[in-house]
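Put together the whole structure using the sequences plus the hints.
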Amino acid sequence: MTASKLEITALPGLPIVRQDDDLATLVVEALDRAGRTLETHDVLVVAQKIVSKAEGRIVDLATVEPGPAAREWATKTDKDPRVVELILSEAKRVVRHRPGLLIVEHRLGFVMANAGVDLSNAGPPGSEHAILLPVDPDRSAAALREALRKLTGADVGVIINDSFGRPWRTGTLGVAIGVAGLPAL
Numbered sequence: 103m104t105a106s107k108l109e110i111t112a113l114p115g116l117p118i119v120r121q122d123d124d125l126a127t128l129v130v131e132a133l134d135r136a137g138r139t140l141e142t143h144d145v146l147v148v149a150q151k152i153v154s155k156a157e158g159r160i161v162d163l164a165t166v167e168p169g170p171a172a173r174e175w176a177t178k179t180d181k182d183p184r185v186v187e188l189i190l191s192e193a194k195r196v197v198r199h200r201p202g203l204l205i206v207e208h209r210l211g212f213v214m215a216n217a218g219v220d221l222s223n224a225g226p227p228g229s230e231h232a233i234l235l236p237v238d239p240d241r242s243a244a245a246l247r248e249a250l251r252k253l254t255g256a257d258v259g260v261i262i263n264d265s266f267g268r269p270w271r272t273g274t275l276g277v278a279i280g281v282a283g284l285p286a287l
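For my numbering, add 102 to where a residue sits in the sequence shown, where the first one is 1.
Worth flagging that the hints you see were computed from the coordinates, not collected in a lab. Misleading hints may appear alongside valid ones.
To be verified - Below 20 Å or equal to it, Euclidean Cα-Cα: the simulated EDC-like pairs (lysine to aspartate or glutamate) are: (1) Lys252 to Asp122; (2) Lys107 to Glu131; (3) Lys194 to Glu174; (4) Lys178 to Asp162; (5) Lys107 to Asp122; (6) Lys181 to Glu230; (7) Lys181 to Glu207; (8) Lys252 to Asp144; (9) Lys181 to Glu167.
Printed below as a string of C-alpha cells:
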C-alpha cells in the first residue's frame, strides 16, 4: 500500500504515566477524548520516557551505591557518582567524556549521551530519581502494538522514540529505539 498523505497529530490529554500503567488503554482513552481513532496502517510514536515509566525502569538514586569505577568517572566528569553508576550499568563501554557528559555505547548498541539515563521529570517533585531505557524496546513496541490491536482492531505500527543530543553540537534529534509493525533499519 502506498501512503497518499502524511499527517502528524499530537495526542493531547495523556496523564502522567506511572509504573504498571496500561499504555494502550491510556492512548485509546486520550484518542477518544480528542475525537480520534486508530486505523490500520497508522503509526503511533510514543516517547521512551512513558514506556520506561510504565515498565518500572525508574531508579531511586538513594538506593544506588556507586562503585570504584563510577566514583572515578564521576570525578573526571563532575557528575553525581550514583548517576554514573547507572550509566555504567547500562553501558558496554565509555566512548568519550567531558565535564557533565559521558558518551557511551549502550547495551542496546546505541552510542549516546549518558546511556539514556534521564533525570528530568523522573519522580515526584523534590525527589531524586532516574529513568532508564526499556530493557527491550522492540519487545515493548510489539506489546503495545498487540494491546492496541486488541482494544481497537487496528493493525498499527509503533515506534518508541528517544531524543538524542548531538554530542558537542547544538540540537537534538529523535531516534527510533524500538519498532514494531513496520520495517526499520
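Hint numbers not upheld by this structure, sorted from lowest to highest: The structure conflicts with hints 2, 4, 5, although it agrees with all the remaining ones.
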